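*Asks:* In order, the protein sequence lines correspond to chains L and B.
Each residue of the first sequence is one higher than the one before, counting from 1200 in our numbering.
Each residue of the second sequence is one higher than the one before, counting from 2 in our numbering.
Please keep in mind that the hints were generated in silico from the structure rather than gathered at the bench.
Because the structure is a prediction, the values reported are computed rather than measured.
Please note: incorrect hints may appear among the correct ones.
Said to hold, decoys possible - Footprint (simulated), chain B over chain L, 3 or more residues, beta carbon under 8 Å:
(1) 1250 to 1258
(2) 1303 to 1310
What the hints assert, rightly or not - For lysine-lysine, the following DSSO-like pairs were computed, each having C-alpha atoms within a straight-line distance of at most 27 Å:
(3) Lys56(B) with Lys1202(L)
(4) Lys19(B) with Lys72(B)
(5) Lys58(B) with Lys14(B)
(6) Lys56(B) with Lys71(B)
(7) Lys14(B) with Lys56(B)
(8) Lys19(B) with Lys58(B)
(9) Lys4(B) with Lys1237(L)
(10) Lys54(B) with Lys72(B)
(11) Lys58(B) with Lys1202(L)
Backbone N, C-alpha and C define an ideal beta-carbon position, used for all residues, glycine too.
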Amino acid sequence: AQKVTQAQTEISVVEKEDVTLDCVYETRDTTYYLFWYKQPPSGELVFLIRRNSFDEQNEISGRYSWNFQKSTSSFNFTITASQVVDSAVYFCALPEPNTDKLIFGTGTRLQVFP
Amino acid sequence: DVKVTQSSRYLVKRTGEKVFLECVQDMDHENMFWYRQDPGLGLRLIYFSYDVKMKEKGDIPEGYSVSREKKERFSLILESASTNQTSMYLCASSFLAGDRASYTFGSGTRLTVV
Chain L
1200 AQKVTQAQTE
1210 ISVVEKEDVT
1220 LDCVYETRDT
1230 TYYLFWYKQP
1240 PSGELVFLIR
1250 RNSFDEQNEI
1260 SGRYSWNFQK
1270 STSSFNFTIT
1280 ASQVVDSAVY
1290 FCALPEPNTD
1300 KLIFGTGTRL
1310 QVFP
Chain B
2 DVKVTQSSRY
12 LVKRTGEKVF
22 LECVQDMDHE
32 NMFWYRQDPG
42 LGLRLIYFSY
52 DVKMKEKGDI
62 PEGYSVSREK
72 KERFSLILES
82 ASTNQTSMYL
92 CASSFLAGDR
102 ASYTFGSGTR
112 LTVV
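Make a model of the complete structure from these sequences and hints.
*Replies:* Now the structure itself:
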């Protein structure tokens, strides 16, 4: 069965701290995609990254980086030098085969204090 | 970039009204989805469509119907709105193949039924 686990319900940090959001997944597929989304208080789901299971290279985009470890079924997200604008709920997600229905984790609420 | 547009950010409707939520995507994606998001329940799939005039029930289709007359437009219909349909509604479109894979959400519609 497809499953995404985000064990951290809420994380609070002070501005400029680094923070890592964990994502562990289960899938019966040998090839798959993984996604991270940001949901600010306004409610929209903002796409952050898509990872294809073929590609295990880590990715960096500005202050954001992602560590994909196929051996441990994890796809963790790190924000370096966090800012108040990073405050949001972050979701990790995995599509279900054949339907493309997204299986979401329960989300991690990140609060960055000035 | 794929753009998914939802016609309204906020809607207030009366119990018993027929409500239409409109969603348009501009990237010729075959797959489109309607989710609702409620506190404590996460994101749940209402309906999805993988082609024009095709539709499939998601996890919570009761009280809803959908229409897909054109590839770019996917409408969610509340036949007779009820207060328990007060929620955040998110539309998405997807293309999951190769390097152009994407899964993009609209900005959401906060519906209040009074």
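*Asks:* Okay, which hints does this one fail, numbers in order?
*Replies:* Violated hint (a single one): 1; every other hint is consistent with the structure.
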